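Here the protein sequences come in this chain order: S and F.
All the letters of the first sequence, read from the start, carry residue numbers 0 to 428 under numbering that gives the first Met the number 0.
All the letters of the second sequence, read from the start, carry residue numbers 0 to 156 under numbering that gives the first Met the number 0.
Worth flagging that the hints you see were computed from the coordinates, not collected in a lab.
Please note: incorrect hints may appear among the correct ones.
List time: in silico SDA-like cross-link candidates among lysine to any residue, alpha-carbon distance up to 25 Å [said to hold, decoys possible]:
hint: 1; chain 1: S; residue 1: K182; chain 2: F; residue 2: A57
hint: 2; chain 1: S; residue 1: K182; chain 2: F; residue 2: E98
hint: 3; chain 1: S; residue 1: K69; chain 2: S; residue 2: Q202
hint: 4; chain 1: S; residue 1: K182; chain 2: F; residue 2: A19
hint: 5; chain 1: S; residue 1: K337; chain 2: F; residue 2: E40
Because the structure is a prediction, the values reported are computed rather than measured.
Each chain, written out:
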Amino acid sequence: MTERVLLRHVGTPGQEDIETYLRHGGYEALRRALRELTPEDVVEMVDRSQLRGRGGAGFPTGRKWKFVPKDAPVKYLVVNGDEGEPGTFKDRTLIEGDPHLLVEGVALTCYAVGIRKAFIYLRREFYQGYRKLERAIAQAYEHGFLGERILGTDFHCDIVLHPGAGAYIAGEETALLESLEGKRAMPRLKPPYFPAVMGLYNQPTVLNNVETLCCIPWIVKYGPEWWLQQGPPQLYSVSGHVNRPGVIEAPLGTTARELIERAGGVRGGRRVKAFYPGGTSSRPLRAEHLDVPLNHESLARLGSMLGSAAVIIMDETTDMVRVIARVCAFYREESCGKCTPCREGTRWVTQILDRILHGQGRMEDLDLLESIAKNMTGTCFCPLGESVPPSLRAGLEDFRDEFIAYIEGARAPVEMPVRIREGILAPGG
Amino acid sequence: MLSEAAREDIRRLLSRYPVARSALIPALLRAQEELGWVPPEAQREVAELLDLPVEAVAEVASFYSLIFTEPVGERVIQLCTNVSCLLNGAEEIRRHLEERLGIRPGQTTPDGRYTLRIAECLAACEQAPCMIVDTERYGPLTPELVDRILFGNGGGR
């Protein structure tokens, strides 16, 4: 087990203060880069580190940076701090625990890609993180790590902290750009224009996740070889039926069983029934998969994915119908309404699941759910709608008997507020 | 309707962005900070300050769940009931809140003190079940803790 890297100073008292951060070697990577490295050197280091984006898609960060046209007069960095995938809380932990690490990562990225203005888009629900980051940015300006002629060089960099206003879809990168431009957060058509070429205000734009940017100071400070030796470090958000839920730093490919152990074991010493390996848009897996290495490749083979590495543990007492209904209700509530399969599909699926939970399900509902899941796959405009079928499929294939128990009346009906918008909570229809 | 201080803050927001419209969400939030919600009149004022059509402002205000286009109570409770919270008893907390406040999610108490809302994931699953009251986050919640947070020790409604 390697020692903590990304979380090394998270939890240290006063870490959000620049003096403490500096005492822990903070901003040394930025000094080193400005003094000894060209922007191209920094890009090469990140490329050689094999860092992959930590927002969910897992795209190689160095390659993403290289897509940005070098000679473009105006370019932007946009930080995706709209973490909201159920089960994911790693970015919030980093922002609240070590805000300067993100600020330094942003400055380094701007230097590497030749950017002078960065926007940190932070979801509105992170009130505490907002206050801490706001203060960290102000301190960085006071100490000359942001602003004009940083550390006496020709490098200029400004950070604007921008609040979201409650919309999960804003985490999708093109929807985030729309939101940042003061519009409804609805995803843009792509290709042809990916953000690297035509992003914010139609200018070349680098979009990176909070955790991804928090890796950059470490890679620049100690080098890509050191970084690769670390595992490389990956943050897993572990929650659900474990004794000590929290963010765990472990190498990519750690198994769910090992993570459960590090999270203090399953609550009440119970057995695991199932788990989401990568947030609620990944296919939940059964207990027999507890020893599968959690990495992009092995999870893809099981029809699931690592996503943002949010591992939600569910013990043997879990009612999978309720869990899946809650997941579908989430996507229905957060659907932006732009495309029909997502807007109508999430609504229809939720209505059926609601009916089943209320003891009014019909056996043919199972075929109906399957057919809706099939029709939503590959037809939605963006990944949000595509997040519904994996849960439904797992429910119908791996936990079918639980659905049947509700339909046949072997299980008592339950009421859940899954129809949030209308405020209708009563059973039926 | 908006105070001169709020109008000045909104004008200042404009300088942060290359395009004025980017200041729209922060401006609406600033208005809400002052008024508790963003009534149509405030939306019109924001539209004027940003030199935008009022429709553009209304379209954005109605899209985001944390811009309130209807009046809310003095304290806004956002209870998360998403998966990790559900697994840790969020439904019990919801029923407790409904009982103590006498309202259902989406409603405001008749005395105007509390609004109860179901939140989607608050990204604080290690504190499940979890809620945000105004801008403070609390969890893991128990019915007793909920009472302490909302009504203080032994204080009841």
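* Going back to the hint list, which numbers does this structure go against? -> Going through the list in order, the structure violates hints 2 and 5 and respects the others.
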